[in-house]
Every structure is written in structure tokens, then in C-alpha cells.
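One-letter residues, chain by chain:
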Amino acid sequence: METLIDLLLVFPLVFTVSLLFDGIDRKLHARMQRRMGPPIIQPLYDFVKLFSKERIVPTTASSVIFTVLPPIAAAASILGASMLLASLLLGVSIGGDLIVVLYLLAMSSVLVMVGGSSSGNPYGAVGFSRKMSMLIAYEVPLLLSILSVSLKVNSLSYYDVISAQIMAKSMLALAFPSIAIAATAFLICVPAAAEAVPFDVSEAKTEIVYGPLVEYGGPFLALFKLAKSVSNLTLTLLAATLFFYPLTVFGGDSSFGLIALIACLVFALIFWFLTITVPRTIFARLKVGQAFKFYWLVALPLSTAAALLSVLGL
Amino acid sequence: MVDKHGEIKEIEVDYTRLRIPLGPVHPALKEPVSLRVTVRREEILDVDFVLGHVHRGIEALAENRNLIQMLYLVERICGICSHSHTTCYVQALEEIGGITPPERALYLRTLIFELERIHSHLFLLGVMAYEVGFDTLFMFTWHIRESVLDLFEKITGNRVHHSMNTLGGVRWDLDQRLIDDVKATLKDLQKSVHCIYDFFQDKTVEKRLCDVGILDKGIAQKLCVVGPTARGSGVSIDVRKDHPYAAYTHLKDCFSVVVKEKGDVYARTEVRLLELFESINLIQKVLEELPNGPIRVEENVIRLMRRIPEGETISLVEAPRGELLYFVKTNGKDGLWRLKVRTPTIPNVLALKPMLVGCEIADIPVVVASIDPCMACANRLAVVNAITGEEKIVDIDFLRRRRRKTWKL
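Here the protein sequences line up with chains A and B, keeping their order.
For the first sequence, our numbering begins at 12 and goes up steadily by one.
For the second sequence, our numbering begins at 10 and goes up steadily by one.
Any given hint could turn out to be false.
Within a straight-line C-alpha distance of at most 30 Å, the following computed BS3-like cross-link-like pairs (lysine-lysine) qualify [to be verified]:
(1) K192/B / K60/A
(2) K163/B / K38/A
(3) K212/B / K38/A
(4) K212/B / K261/B
(5) K163/B / K338/B
(6) K304/A / K338/B
(7) K38/A / K338/B
(8) K362/B / K216/A
(9) K216/B / K216/A
(10) K212/B / K216/A
(11) K271/B / K304/A
(12) K196/B / K304/A
(13) K216/A / K271/B
(14) K163/B / K216/B
A short, non-exhaustive set of chain A residues, derived as facing chain B with CB atoms under 8 Å [unchecked claim]:
(15) I51
(16) I52
(17) A215
(18) F294
Treat the hints as calculated values from the structure; they're not laboratory data.
Keep in mind it's a predicted model, so treat the numbers as computed, not measured.
For glycine and all other residues, C-beta sits at the position ideal for the given N, C-alpha and C.
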């Protein structure tokens, strides 16, 4: 019974934590630009406000796809993040849940893309093609870097990766050179997956007016924004737990439960700051060709090397 | 498809082409202009412009106001280069009326002129940073620009429309305290501008600006582009050097014209960055050499206005965006027969097409911003037939014919 309550609590937790992290990100971004910035709970206000707005479906849109996709995208990304949090909280193992999480992560961004192109807006179409190129660019190194972790641990379960770190009493990235390279590749892929500034070519507000999101407003936009911040949370949480599981520093075996959850979330916030907030403050936006080139020339060789090394047992 | 003669016609449709309507409302555009861009994937194949969304009819208004009222109206043609407009207009009137403003007034005009150039260039650099997605630089640049606006407020009482010029001089004087203020601000400014210059050499910024939107020297000369747009393409023109006015007749040798040969967006940006340093030096020179004496002619402005005879002249100034030309024809009864304003954006906007064709969609905002367009200044009346979509630019002959008709009624 208690487990069930815990499980039910995970969904609102994912919702609030991701929006809160988004708010902290905005605040820090603003402070680094010498601005006041919005209050930390601004994304929550935005969410509530957007839900009270009118639902507009453009006449050129195929209305079913246009309206159905936002809830599915939000549900998919929340499900992905909840699986991670539930594993941490309860210490349960589901075989192959890493694959499911990655699938849900990719799904929410594909759904945004398809929803945008169903709007019939030329900016949506351009956004679709840009997002497509970006997906090809970062998805492969992202998968390869996680693959090298599961090759190392010999399991596709999230729980097993963490317990391997607890057993070894060390973060995986610090224990093996192959995983250190994989972690680097993964962290390089995070800004692209999160569409933070140097790689936000598919949204690019001054070029294609938020691309796929151009025709969305009201509740639909709120759901897509939620989906985006939740998948950012998933990404940073994966980085924090798969490569740098924080509780290994203290040793001991009280490694699951509430403390583990909080420690992981704090680490996730640090990774959010380093991989999303900092790049979007200090860089200008790249063009789609330049971003694509960067991922295929830097991230892909890195992650391939990591996978090869971990097969070799380093 | 079957045409009206019953013959079957084959129409070629190219599905790979996409027509993107950019504007009149778009986050990259600060003012309404409609760009109709034809693209294949990311490459731009053709560009078409539609101006006229913010036409205000100031030239027509000029014909039924008196000369002093017009002084404040021409100031409102542009919010960024308001002082350039009034200076240009006042110079024309002073030439027709044979009024010689005192030396100190000319120096003060030049001072505001150069401050305005600094604030306009900082404005554009900020917009440029925003277009490439570098919000931090955008915020930083505009933060610095704020200090120049504060100076304007201290000197003239207004941040945007300074109302500094009047017939035969200027309206506000500088005292020692203000001079010290200006000097202190300039010192800070110089440091900050160095900082911005370093920022613009950031690799990600350079990647977006270099080799984009190239305008050859030949095309630049053919299209008669002016200002930093021309100077970025290796055409060395500057009204301050070529036809000195105000205090530039004395200060002609105190600054150099910044010319870059490359002709891409980065060259145009760099020209503006380096001009900031020139302007700061020039202001320091102005403050050093500021002559003593009155700031305007003794006589009452209204009386001066009544004295201006019938006549016509052309006046030129170097506004921050380039050469600004006024044709003024007075009627001898404190009014105007005709006012013709040629803002720098009118020739510059034509250069956008050769710049844009061959670029990517991602380059559109950057290239459009690089000429520093001021659409409201450039708008001419266009009549659009809503049913057929046919557009017609209204020329002066058409207006004259219309006017004659209404007079007959």
C-alpha cells in the first residue's frame, strides 16, 4: 500500500521539480546577464496561466494530430522521468527500463516535431526539417554513450547500473576511462537534446519563430513546455545517476530512498546548470549545418570510442 | 489546367520550393517590413520586399505646417537618429535664410550628433547579438547604451527626441558640471566598448557573421548604398569628410573613415564597432575645443522664421545609418512648398537582395539587421487592392493629379 502511495506521489513530484528547475535555470540565466529575472516559480505560473487561455487550432492544421499530440508528449516525458524517480525511491529493478526511458525521451521530441509540421505553417515545416537533422546528429552519440555503460555493467536496467556503482563504491565515470569518455559524450549531447542555445536551431526564435511551436498556444503550448522541461530533467537525472551516482561518495548501503532521491536531484540541478544554463548564456546560436558537423565530428567519435573501450574492458 | 481558350496547359510546380512570409510581424524584425522569401530546403532562391506598413505621410503634412512646427515633426521621422533629421532640416533653412549660427552651437550640434551615433551603433550591435541568439551580449550592449541615453537626458532633458536644434543655433548649453559628466561617461564607455569588441570576436559569433551576406564593392557602388553598409564593402564615403557641415569643417582631420574591404556581415559590424571608438575620440576633441560664446542667434525664432525667403536647397548629413538628404523648398510665407526626405535606408534596403540570395534561412535576420534598417523612415505610400492583391507605389505625379482633382472640387 505504501509503495502505491509513493508511486502516486512520483508524478506530481516530477511535475513540480521539473518546472522548478526550469525556473532556477531562468533565474540564474538572468542573473548572469545582470537582469533581475522572473521569480523561481514563474514556469508554474506560466503553466497555470496558459491553461486558462483559449484553444486555437489553425484552419490549415490537421486538427486531430495537432490537438492530440501535446498531451501524449507530456505524458510520455512524465512517464520517462517517473520511472527513473520511482527506481531511485523504491529501489526496484525493471529489466530494460533504460531503453524505455530513452525511447520516451526521443518520443516527446519527435511528437513536438510532428505536431509542428501538422500545423501547416511554413515555419513549422522548416522547424521539422531542422529538428530531424538535429535528432540524427545527437541521438546516435547519446544512445552509444548509454550503451557503453550498459555494456560495462552487463545490464539494461537502470537499477543495476546504480547498484553496480554502489558495489564498486565509486562513480562509474571515475572508475573506468571508457565511461569517463561516454559521460563526456553524453554531457555534450544534453544541450542539443534540451534545445539550449548553441543548438536550439529547431526553435531559433529570431529565425523561424520557435519552429514547431509557432502555431501552438494555450493548453497545448503549456503541455509541450512541460514535456520539454520534464525531458530536460530526465536527461540531467540520467547524467547524474548513470555516470556520477552521488551517494557513492559517502559509501554505506543506505543508498536508496528519499535521501538518494534528493541527492540525485541536486546533482541533476548541477548538471542542468552546467550543460544547459551556462552554454545558453555564453554562446551564440549555431546554424543547423554547423551544429550537425559538431556532433558528427566531436560527439560521435567520442561515444564510439567509449563503446569500443568498454567492449575491450577498460 | 485548362485556360480560357480551352487549351490544356501544363503548369510546372516545384514542390521543393517553399515560400516563407517573413514579416510584417516577426521577432527578428524591429519594424514592420514584409520579406517574401523563396527557399529550397535552407537555401534562399529569391527575395521580394513589400514596404509601406508604417507610412505616415510626413512629407504631405509638411506642406501645411509652418517651418518651426515642422522642426519638431521631422524629429519624429526616426526615433534613433532624431538629431540627424533636425540638423539636416535646420541647415537647409539656415542656408535659405542666410542665418549663421554661432560657433558654439555648431560644436554642440556635433556633440549630440556623435553621441547619437554611439547610441545608434550600440543599439544595432545589441540587435545583432540578439539575432544570432547571443542574449547575454544583447543585454550587455543595451545596458551600456543606457548610459548614453542618460547623458542625453542630462543635456537636453529628453532621452529620445532631444529637441536640441532650433533656427540659428541650439536650445541647451553645457556647463562645466555637464562637461565633466560627459567625460566620465565616455571613459566608462570606452572600456565597455573594448569589452564588446572582444565579445564580437567570440568564435560562435564569428561563425554566424563571417562570409554571410556578401555585398561586392561593384554592386555596392551601383546601388548607391551609403553609410556603414557601403564602408563595409570598401566604398569610402562619409558626408562628414566629403561635405563637412556643422563643426566637422574644423574637426575634419580629427577622425578617420573606417573602411573594411570584405563586404560580409562581420565587416559591416566591425565598421560600426570601430566607428564607436572614432566617435568617442571625436567627442573628447569637441569638448576640448568647445568655443565660448552664445548658443544661438539673438533674434526671436518666430521673427527669424518670417524672414526666410522663398527658395530651395539640398542639405546633407551623415546619420548613423548613412547619408541623409533633405530637399527643402520654402514658400516665403513661413511654410513649405515641398519637403523631400531621402533616408539612408532607402538605398540600403535595395542591397538586401544581392546579400540574401544564396544564403540560408538562418542568415536572414542577421543580414537584414546588418544594414540597420529603419523601415518607418523608408516607407512610401503603397496602395494595395485587397481583392486582387495588386500593389501600386504612389508616386508624386499621381499625388499631384489627385490634388488637382480635389482642388477642382
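How the hints compare with the structure:
1. K192/B / K60/A: Violated, because 48 Å separates the two Cα atoms, which is more than 30 Å.
2. K163/B / K38/A: violated (33 Å)
3. K212/B / K38/A: holds (26 Å)
4. K212/B / K261/B: violated (36 Å)
5. K163/B / K338/B: violated (35 Å)
6. K304/A / K338/B: Answer violated: K304/A to K338/B is near 59 Å, above 30 Å.
7. K38/A / K338/B: The given pair, whose Cα atoms are some 56 Å apart, is violated under the 30 Å limit.
8. K362/B / K216/A: The given pair, whose Cα atoms are some 23 Å apart, holds under the 30 Å limit.
9. K216/B / K216/A: holds (18 Å)
10. K212/B / K216/A: With Cα atoms ~21 Å apart, K212/B and K216/A stay inside 30 Å; holds.
11. K271/B / K304/A: Judged against 30 Å, a Cα distance of about 26 Å means the pair holds.
12. K196/B / K304/A: violated (43 Å)
13. K216/A / K271/B: With a Cα-Cα distance of about 29 Å, the restraint between K216/A and K271/B holds, given a limit of 30 Å.
14. K163/B / K216/B: violated (40 Å)
15. I51: At 19 Å from the nearest chain B Cβ, I51/A fails the 8 Å test, so the hint is violated.
16. I52: violated (22 Å)
17. A215: Where the cut-off is 8 Å and the nearest Cβ of chain B is about 7 Å from A215/A, the hint holds.
18. F294: holds (5 Å)
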